[in-house]
Amino acid sequence: MAIQKKTLKESEVSTEINLKELLGDLSNNESVRDVFFQAALDKMQKRLDSGRGVDGKLTAYSKTYKDSASFKIFGKSSTVNMQLTGDMLAAINEMDSAPSKLKIGIDDTLEAAKAYGHMTGMKGHPTLEGITPKREWFGWTDKELQAIAKEIKPQVRSRSDEISDAAALKILDRLLSG
Amino acid sequence: MAKVTIKGIPQARDNALKFLKNTVKDKKFLDEMGQLTADQIRRRTKDRREEYKQKDLKDLTVEVRSVLAEVNDTNEFFRKGKSNLTFTGQLLDSIMHKVDVATGFISIFLKDKRITNNALSRTEARERYYQYLDIDHNSGNALKSTFDIKTRQEIRTNKDFRLKIKALFIASYKQPEKGNNEIKNDLEAKGFRFFFISTKLNTLLTSKIAEQLRRKLSLYKKIVRKLS
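Heads up: the sequence lines are chains A and B, in that order. All residue numbers for the first sequence refer to our numbering, where the first residue is 1 and numbers rise by one. All residue numbers for the second sequence refer to our numbering, where the first residue is 1 and numbers rise by one.
These aren't lab readings, by the way, just hints derived from the structure by calculation. Computed from a predicted model, the values in this text were never measured in an experiment. One or more of the hints may lead you astray.
[What the hints assert, rightly or not] If you want the footprint, here are the derived chain B segments under chain A, 3+ residues with CB under 8 Å:
no., segment
1, 40-49
2, 195-208
3, 219-226
For glycine and all other residues, C-beta sits at the position ideal for the given N, C-alpha and C.
Same shape as in the complex, but just chain B (with noise of 0.2 Å):
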């Protein structure tokens, strides 16, 4: 037997994920392979496997979801240093399949509501901006001119103290309201991508549906039970 090749995959379009004119309509095997192929893309992507791990993300970035992961529910696999798609982990339990029976189609989709992550507030930015200026603001001594001043100074002078105020400027912006299918579009513009069938899932995917057609032989039929 040819090592296992797929051919004729359609890619996904908008938000949705066909794959595979098959002939083997059984409803319950067809549900089992959608659900398999929203899991593995959910893990994978999670866990940096293969085609489904990230580029390095950027200083600035990583110190903008540092802030914003203090002001939000992170997933528990979210790591600000590296980019696997969950910080919420919204986005990628939004992955769902649905079957139609009749044509044999299995559909992978984002389902589009989500909650809108938060963004820092005033109040929180204004903390920060004095602790990375360490100058306790309760104190009789808070003038704005001190402020002015150090901030001018830090500014022109420290590298790391411009990434941070940067960081606080953008993770106080409110977050637009958007579906989870924008978002995925935004990310795939940004050369982020985990929509689609890595080659192992597709090998994966094509070894357990020829093996449900190995079972559909009658001589295996007649057999399994004894064996078992």
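Bound conformation, chain A alone (with noise of 0.2 Å):
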């Protein structure tokens, strides 16, 4: 059974990870899907910081963006890490998705068209289509979320663990849903 099923458009940037194929019964684990959801960030965190995408090394970023002001301002490196404000990676969130699946992605109308743009090589876009580069930033390999249930599974967490995740898990719910 396929561990992902990615969608790719203007509206939406994700992907829905079958938990229940990594984990078996503990994807119904808030705790767990947490703890997941932030170690495939952290993922995708540390290898844009090394200026990689899904399938490699992303492509350098040009001369004219390399001295615009934005650029400048936001002191940016030639690191091709995908983030000048940040607002696209602080938009990933968790979505809507089946208990046993964990949807990730970008759903924010504007954030969305732009993780798309940069994946597409701005696929549809009236003058930058076919001049920028395609980066595909945005994604795991099957490999990384197996890595990454493999640590989790044989965890096992005692009484004070759950206590502690617990309280944790409620202070995130409430801030996550106002």
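Now that you have both chains on their own, put them together as the hints suggest.
The structure is reproduced here in structure tokens:
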């Protein structure tokens, strides 16, 4: 069975991960889901910090961009990490999905369009298509997801762990649901 | 998980911007959040992004800025024609943060001290005036009557000249000594705002807080070393 189902459109850039396939019954546990989510984000962030996307090194920034005021104002380096303000990555969130699945992606109107543009080389854009390179920055390989699941599975939570995690998750839930 | 929203962030009052009572009383994290907030407000304003983009400037203001730029150390990102609240850069550079770990409060505020901007001196103003009139005041024919006649003529017929002369007058006024907070208030009164958390910045900060909370989960702590 496929581990991921990817969506790539202007209004949504996401991947739906089959957690049940990876973690079995643990997929229903809130703490496990949050940890998987954070570990996946960490993995992607670390890759981006070294200038790499899902399929390898990301295409270098253009000279025009590197010479721009925005580039200097936000203190960017030549490493292509897909972050200027950080808004696009901050828009990555857990989206609605079935309990056995974990859908991670961007559905904010502006940020999804941005993400889609980068992933496809500005496909559909009247002037930038064919000029802007494709940068497949978002997502994970099956191998990466399997590695995360492999580390989570054998961990046995003691009762005290559950209590502290429950408290943290309550705060998180309150924060994110407003 | 629902889409990220945030409520209950108190609004700015006087010279302080406070946000987010939270239970994550981790000094390092609170410091990072404070620094991030200050930096982002500064950068987004300089770069004219989203709600930090300032309104268009009037022609007279553009001309005054152009003149004052020649007698002040302007910031690298100053543009005479567009406002990004970055003339010398002192105002945005004054954005600071402080943390109260006991309460979990982060305060964002402006450090008040600044160096007053230079005005145009009389000599400099006069030099420009002669340039505008295209009169060589060093020549023996530079009679006062010549200046007066030409000035009256130009004021009557030349809109651009009128603007330039007005700008010279304004630029020559001695700049009053004001702190950054008073300047902020003056700007806000004229519709130039920067001292707030925009919707996008709000989302960014919330995502960082959520990330921090996830990292506190004990299960995360157990696996993180093995995954790194």
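Hints the structure fails to honour: none
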